[in-house]
Amino acid sequence: MAAMIVRTGSGPPQRTLLPSQELLDDLCSRFVLNMPKQELQAFERILFSVEQAHWFYEDNAMEQNMSLKSLTLREFTSLMFQSCVALRPYITQIDDIYKDFTTYKTRVPVMGAIILDETLERCLLVKGWKAGSSWSFPRGKKNKDEEDSVCAEREVQEETGYNIHPKLRLEDHLEVVIGQQRMRLYIIPSVKDDTMFAPQTKKEVSEIAWHRVDELPVSSNESVVHHRGPTGLKYYMVFPFATPLNKWIDKKRSIHAKRASPLPGVTVWKVKNNLSSAGSGPLAQNYGNAVIPSVPPAVATPVLSSEKIRSSPKVSPRVSPMSSPRIIPRAAPQTPPKTPPKRLPKAVLKEPPGCAFRNFRFDFARILEQLDG
1 MAAMIVRTGS GPPQRTLLPS QELLDDLCSR FVLNMPKQEL QAFERILFSV EQAHWFYEDN
61 AMEQNMSLKS LTLREFTSLM FQSCVALRPY ITQIDDIYKD FTTYKTRVPV MGAIILDETL
121 ERCLLVKGWK AGSSWSFPRG KKNKDEEDSV CAEREVQEET GYNIHPKLRL EDHLEVVIGQ
181 QRMRLYIIPS VKDDTMFAPQ TKKEVSEIAW HRVDELPVSS NESVVHHRGP TGLKYYMVFP
241 FATPLNKWID KKRSIHAKRA SPLPGVTVWK VKNNLSSAGS GPLAQNYGNA VIPSVPPAVA
301 TPVLSSEKIR SSPKVSPRVS PMSSPRIIPR AAPQTPPKTP PKRLPKAVLK EPPGCAFRNF
361 RFDFARILEQ LDG
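Under UniProt numbering, the letters of the sequence shown match residues 1 to 373, in that order.
It is worth saying that the hints were derived from the structure and are not from the lab.
Ideal Cβ positions, reconstructed from N, Cα and C, are used throughout, including at glycine.
Treat the hints with caution; some may be incorrect.
Quick list of in silico lysine to any residue cross-link-like pairs, SDA-like style, CA-CA up to 20 Å [to be verified]:
no.	residue 1	residue 2
1	K69	D25
2	K69	F56
3	K247	M183
4	K252	V213
5	K141	R182
6	K141	A42
7	K202	A61
8	K99	R88
9	K272	D59
10	K192	L168
11	K99	L71
12	K144	D100
13	K37	N143
14	K247	E175
15	K202	S134
16	K144	Q180
17	K272	M62
18	K105	A42
19	K202	W55
20	K105	E147
21	K167	T195
Label pairs and their calculated CB-CB ranges [to be verified]:
no.	residue 1	residue 2	range
22	S20	L73	12 to 22 Å
23	T102	E175	18 to 28 Å
24	P36	D214	45 to 55 Å
25	T243	S20	47 to 57 Å
26	N246	Y90	41 to 51 Å
27	T103	V176	15 to 25 Å
28	S67	D214	40 to 50 Å
29	N246	K105	26 to 36 Å
30	D100	D194	40 to 50 Å
Turn these sequences into a full structure, and let the hints steer you where they fit.
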């Protein structure tokens, strides 16, 4: 039967319906009942599975049925405990169970990466999906029994589409402990600024951009996790790493080229028509011209690359910390031709990324001259 869609006038459909018992049973069977027996012995592991079911509901079920209501994790957890036979006996304890789970989550270690460009002047940050989200380093919680570096590779791959494995050095990392949570970020230097980035997960990242390291917040109230930098942009959990990152860069500066004129921050990927992230911040206003007209929401929108433009990446569901690690396979190296073709002189990019790409024209006379030579 087709889903009932409630409309008011010519506006968008109203999302007022709660998930049906059939849908909740399916989610319970898929994410809870199929858990390993040892995982079912601890409520925190069960609620990680419930959280994954919640992501699936928000990312997939709501897209298929436009009248389903968006739910908070707390609301969704309550519905799952009411409908799932295996969880129903504990419905009277749900408040304590959920409270313990939120406390437990703050102790799960977080791994990620600080990706730096070739000049070490800029770092790559991602912006959350919801309205008012902050900028942060790509990172995420560890899965059970997962190695720190493996978690960092997985999380960065999911949030940016970039494989840090070839450049990852175990000794190059920064680590802080906030409360009872350990956070480790591996420093990945010398990444080309025309590298293509795009998230591999749905509704988690709304924008990816290069930010100047000297514009990150370096001092603030340490009891606050959201800080604003000198440009007014809001950052999440960036402040604890800013000062040690600058010290690391100073030590490496002698072996890296430093530009006479500072490179500006620039957006390299942005979702289109994200109602949850309406409005543009200073970065988008200053460098909005660099963004090529986007494709539908949650689909990759690369800005500029000197490499061949890839097709949009497959969008994958989000992964919870209880899931087994999932690393997107790296492409097998291609065999180079026996006689490499002559390369054309490398053009100097004088305009912000995106502008020069739109104004690009083939110089056929120069091409023929090179071929004849």
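Check your understanding: Out of the numbered hints, which ones does the structure contradict?
Key -> none
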